[in-house]
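Which chain is which? The protein sequence lines are A and B, in order. Numbering-wise, my numbering comes out as the position in the first sequence, counting from 1, plus 92. Numbering-wise, my numbering comes out as the position in the second sequence, counting from 1, plus 67.
Hint data in this document are derived by calculation from the structure and do not stem from the laboratory.
Calculated pairs, DSSO-like style, for lysine-lysine (alpha carbon to alpha carbon, straight line, at most 27 Å): (1) A:Lys308 <-> B:Lys234; (2) B:Lys283 <-> A:Lys308; (3) B:Lys283 <-> A:Lys175.
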Amino acid sequence: MIINPHWFAFPVNALAGLVIIFVGWRAKKLSSITHIVIALALVLAVCLVQGFMPAGYPFTRTWPFVVALVWLLVVLTSALFRKPSLTYFGLWLALFAGVLGAADSYNGQLLVHKDGFSGAPLPFELRLTEFTVDTYPGGEPMDYRAGIELSDKNRTVNKTLLVNHPVSFKGYQLYLSDYGKDRGDGIPYCILMYTRQPWRWLVLSGILLMMAAALKSFFK
Amino acid sequence: MTWAHFIWFAVLALAAWSAGSAAAFSGKGTNRMAIVFYVGGIIVYGLFIGALWISLERPPLVTMGETRLWYSFFLSIAGLITYLRWKYKWILSFATLLALVFTLINLLRPEIHNQVLMPALRSIWFIPHVTVYIFSYALFASAFLLALTGLIKPSADVLSAIDNLCKAGLSFFTIGMLLGAIWAKQAWGDFWSWDPKETWAAVTWLLYVLYLHTRKMNVKSKKFFYLLIVSAFISLQIGWYGINYLPWASHSIHNYSPNSSGK
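Okay, chain B solo, but in the shape it has when bound (with noise of 0.2 Å):
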């Protein structure tokens, strides 16, 4: 298995998802066939995966597109998690949509250097600090959907299940720091050094966090919050892959890749 092949997989996980999207909006409640062919797509996006792991022979966490490759399945199943939770129809549209941006620069660019883990990324950390917070990209991204549809449509009543999106995303979010921080004492020295990830995961983490808070006190505009939703998750973007194309930023020891100083 090699990205070449990753455009049939691709192919066939979108199609089964724009289908179950598309199922989604008949008949009352969730809609049966919708959470099949959802299912379906999360199946097939799982077994290239799958397969791609066991030909690089190691877990494919390291370069961006790799990367990318578990943010789309992440948050398919965090999408499909929502609709059956809150059944709102339009969920596993939008969820849909996020995979498809994430696929198709896979498409463009798949990554295809670094193939072995390097020395630096030998760590039983690694893989648990990754994927925590990946997957608590998936649950903030489904949080930042439902606020677009707050701002876009008023009468929505969206804001306690983006309550709980974000209670649980940063639950998630905070271990993947907090393992980062154990593993950086371990390979760097010091447990928080500030660099441009560290930093930007900082300022994610502080704005989650604000939106809890704030959440307690008498604000009576829910534009504010749906602000704050939206501000939160473009610092993620930012900390995720944002920094690598800040000029100031791409000297950070998170940076892997040939040339950097990231060891």
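With the rest of the complex left out, here is chain A (with noise of 0.2 Å):
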């Protein structure tokens, strides 16, 4: 049964978050370093079967994969709990607020164009004021850059957006995905993703922490 994220938001994710914390700090045993290893293999287990999953299928949102990574964390609880580990909290933070800010995240795809946007319904006004492509001498694309608009009842801002530069407004990230010439009326447009991801911030904090973890056993 594929388990729908959304089922588990706010609050429940953070209850869940809770009770996972509290399993963690109570139970010293899982601390072990063979609770360690297989907490690990289980996680391990679970990605090599996602490894030859045929594509999508989604089999990430599964019980069997879900319950390994939570396992994995209800034991790395247990372990910082008894030893502080940068590393371990690193890889902690990042999978809490990963696994459980999934519960918050809505991600879809819009199609914009000089008069507005259609796919999904958002709580501000966007549309395309104009497209271009950056190319090499030989012609070959360097850049796509869209100009949009986005409008509230308060501001209007305009913003470029380029592959590997998202905007953000208003709590919501997106995407520059794809072009096009027209769909049939002569009208220039493009594919925008967006996602809302409140719990970014946390998984971008514990990524962090990871790479300052390894960069310092260089210096050991």
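Assembly of the complex is requested from the two constituent chains, each provided in isolation within its own frame, with the hints serving as guidance.
Have a look at this one:
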């Protein structure tokens, strides 16, 4: 059965997080090297299954996969309460925020043109003001540049969207995904992807802490 | 400089590395001439990469052929450092053999398409992400060579050397993975999508992490560790290029060849 992450939307995911922390705190035995190895091996097993999955099947949203990740979180929590470690904490934070944060994450695609957009309801207006393709001397595309106008009741802003350079507005991140010359009516359009990930700063913090730990290991 | 000139540099570098490998077997400890020849080979290879970079007007890090160049380059550097540090006479030979394999593949399949850097790869994360990974691959290759030695010659005392190579390799590999995650958020909207390359990177990461953790347990069998290292190295190869040959993995968002879903 495929899990819909939004079943666990806040505050359910936060509650689950507290349970994970509580269990990790109380279950001292889970901090042993044996338990850490077992938990890692379980995650390895589900990742291997995912490695052989055909495209399209959302194995990462099935119970075995999620349980393996959550179990690793419990074991890591237990280990961290016994012995603080920058590496473990960074991994813990990134996993904690990533797994629980999925319940509050949304994404989808938008088709944007000069008169507006379609694809999903957003709490603001959005339209395409211009689209250019910078090219190399040989004619190959170098950069795709989409000028967009975002507005709500209080203000209007103009931003430029490129691949690798997303734009933020009212808690939404917009990414340039694709473009087209026209949909049969001569009007150029862009396909944008939007995401809403309230927990992303926590995930990023976990990632940065893990990097700090990896860099620190060079100076031992 | 084009791929057409590669053969001259390749032959020169391999000749120097072979001479160095042979010289390593004479005398006690590390051999001076071996080091001189080996460094010479590295410089020749580096010159080709540098000249190719200048003529392409972009870093040669996009096509599989280009990544193989860096791999041979960093692998020989890692091999030299391993030789200098642990002084086993056959390390240079094994490293030369691995570099030869990847060089031969490049001579047979130079991959001259995708001359310019496409919009998706124009990012400050591109060079650090790929080069840090390739460097970790070279360190893990050294560990793999030592593990093979341990399997073939059980009396060889290579486990602590493998430990050190894995620790260093894993630090680089982790940094490469995390740089990829940060870049992915900028480019694709998510830190991690479990696409084939990411999934196999996770498998590889977990195998090396498991190696380092099981080393702290009371495992009597050295063979267990050698086989774990071999498995991890195989997983690394799958994640690097094996996925290009798995039919269900060709949809990967990491696929930047024409007519793929990579943007």
